[in-house]
Amino acid sequence: MPEPFHPSPFTGFLTLLHKEVLRFWKVGFQTVAAPVLNALLFLLIFSRVLDRHITVYGEVPYTAFLVPGLIMMSLLQNAFANSSSSLIQSKITGNIIFLLLPPLSYRAFYAAYILAAVLRGLAVAVGVWLASAIFIATPLAHPVWALAFAVLGGALLATFGVIAGIWADKFDQLAAFQNFLVLPLTMLSGVFYSIQSLPPLWQQISHINPFFFMIDGFRYGFFGQSDASPWLSLAVTSASLAALAALTLAMLAKGYKLRG
Amino acid sequence: MTTPAIRVATLTKRYGNLQALAGIDLEIGQGEFFGLLGPNGAGKTTLISALAGLIRADSGKLEIMGRDVVANYRDARRRLGVVPQELVFDPFFTVREVLRFQSGYFGIRGNGAWIDEILHGLDLAARADTNMRTLSGGMKRRVLVAQALVHRPPVIVLDEPTAGVDVELRQSLWRFVRQLNADGHTVVLTTHYLEEAEALCGRIAMMKAGRIVALDTTANLLSSTAARRLKIRAERPAAALALGATAAGEWLEFSFDTPGDIETLLARLREAGAGVLEIAIGEPDLERVFVEVMRRA
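As they're listed, the protein sequences go chains A and B. For the first sequence, position 42 (counting from the first letter as 1) is numbered 42 according to the working numbering, and the numbering increases by one without interruption. Every number in the working numbering is 1000 more than the matching position in the second sequence, counting from 1.
Don't take each hint at face value.
[To be verified] Derived list of chain B stretches under chain A, where covered just means 3 residues or more per stretch with a C-beta under 8 Å from a C-beta of chain A:
(1) 1050-1061
(2) 1085-1095
(3) 1268-1279
These are computed hints drawn from the structure, not numbers from a lab. Virtual Cβ for every residue (Gly too), placed ideally from N, Cα, C.
This is chain A alone, in the form it adopts within the complex:
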């Protein structure tokens, strides 16, 4: 009988990460190029209609204001789509068994899915940023802040995607998550407007939407100005991520809907 192998630490995590990245990269036209095109269409339409009429934060043109919002919206939606669609496809086709049979820890499982989803989100974000530069140069005043919100926001939505992917038994249940939660929360978070332009009541309501803080904090990285303090946005985003990560890890540790 052949000698058993001696396993290397982190190999399971790195392999699952590699597989998840390859999974979206092999269909990059659908998973990266298409969202970039979508964001560009938004940019073209809104900037054409509104650029001459609106300035934000005093003198920032509307098109420039719009770019970080669209980048972050694309990043968040694609991070969610990556982890959730990968998991539900594996569950429905049954190939999730190949991840349940090996001695992969639930932490490695979580980390690989999240990191792969963040990488897809970042790939889309960079794509939107580069493509938008054709129309307007957007300054990047504080790149570290922008990167921090991109990574934390991507991880938050990727975690939400893992929850949705584990919970949903059918594609329409997953679509409900996307259409009735992720999309409205993103659209109502200040992607297309500054909440300063809203009536006071709606400003208050915006402050209970964590998506607002992710997008507002990300925008601070570009303009050095934002509706809320970047520190408050960072705290809300980090706390939301910590809470969802704890819930997801508890679900994975129990094998909720994965290990009968």
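Given chain A, work out where chain B should sit, using these hints.
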């Protein structure tokens, strides 16, 4: 004393009102070729799933090569390879990619030589760089076997591996699995093809309604449970049927235990005027044993 390859102690699992496993006790020795038989819903797949950590048992203990599958799940899973019953695959990747990933999940890097050996052994080498989507059902089944072997597990569980597989592939699969067993791997097989279990397994457990209802060597099961059959064709079958024969197509069958019983039976048939035209002796087979055990259980 050698550690058993698999040890199951008072294992129970309930799904709602269904008692899927009702206190299973079982030990399978290292190097055995073991058969796990039973009708649908007997609990075979539930037992395998508990062994593989795919489900959690309600109570009891499970060990693979002495490693508890819950408390020491990493060590236990490294020692187990499972070929699942369902024909599942990942449509994004090629055969080689799938095997590399599976190695990596078990913590193994640089596994190319062993993967090549498995691909060769399962006649998959020519399809190594083919996408899983485009493979035939039989080829996909071979890849499932390959995936179960990438980490060189000492214990291999095959859950109905030949369901829907053509004869040629079935034979080449059994040649390969027999070689694995000859190399020292413990093999546990569930199948509905009882002739396969009879030919391959040294020991067999039969399950019904979550319990083991028979457990012995294949030879003992064949000799102790099922009587041999005297098969006749007769001019007047009704006379033979009146003596307790059962009809099997054109043939009529009597059970007997010792050769002396044959003389007695023939004498009674002569007296009854059955007019025996042809005689044959049927050896006991596992199918009959299985039917008998299930009827009694």
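Evaluation of the provided hints:
1. Proximity of the region 1050-1061 of chain B to chain A, defined as three or more residues with a beta carbon under 8 Å from a beta carbon of that chain, is established by the 5 residues found.
2. For a cut-off of 8 Å, the count of residues in the region 1085-1095 of chain B with a CB near a CB of chain A stands at 7, and the three-residue condition holds.
3. For the region 1268-1279 of chain B, the stated coverage by chain A is violated: 0 residues have a C-beta nearer than 8 Å to a C-beta of that chain, whereas at least 3 were required.
Figure legend: structure checked against the earlier numbered hints; the only hint not met is number 3.
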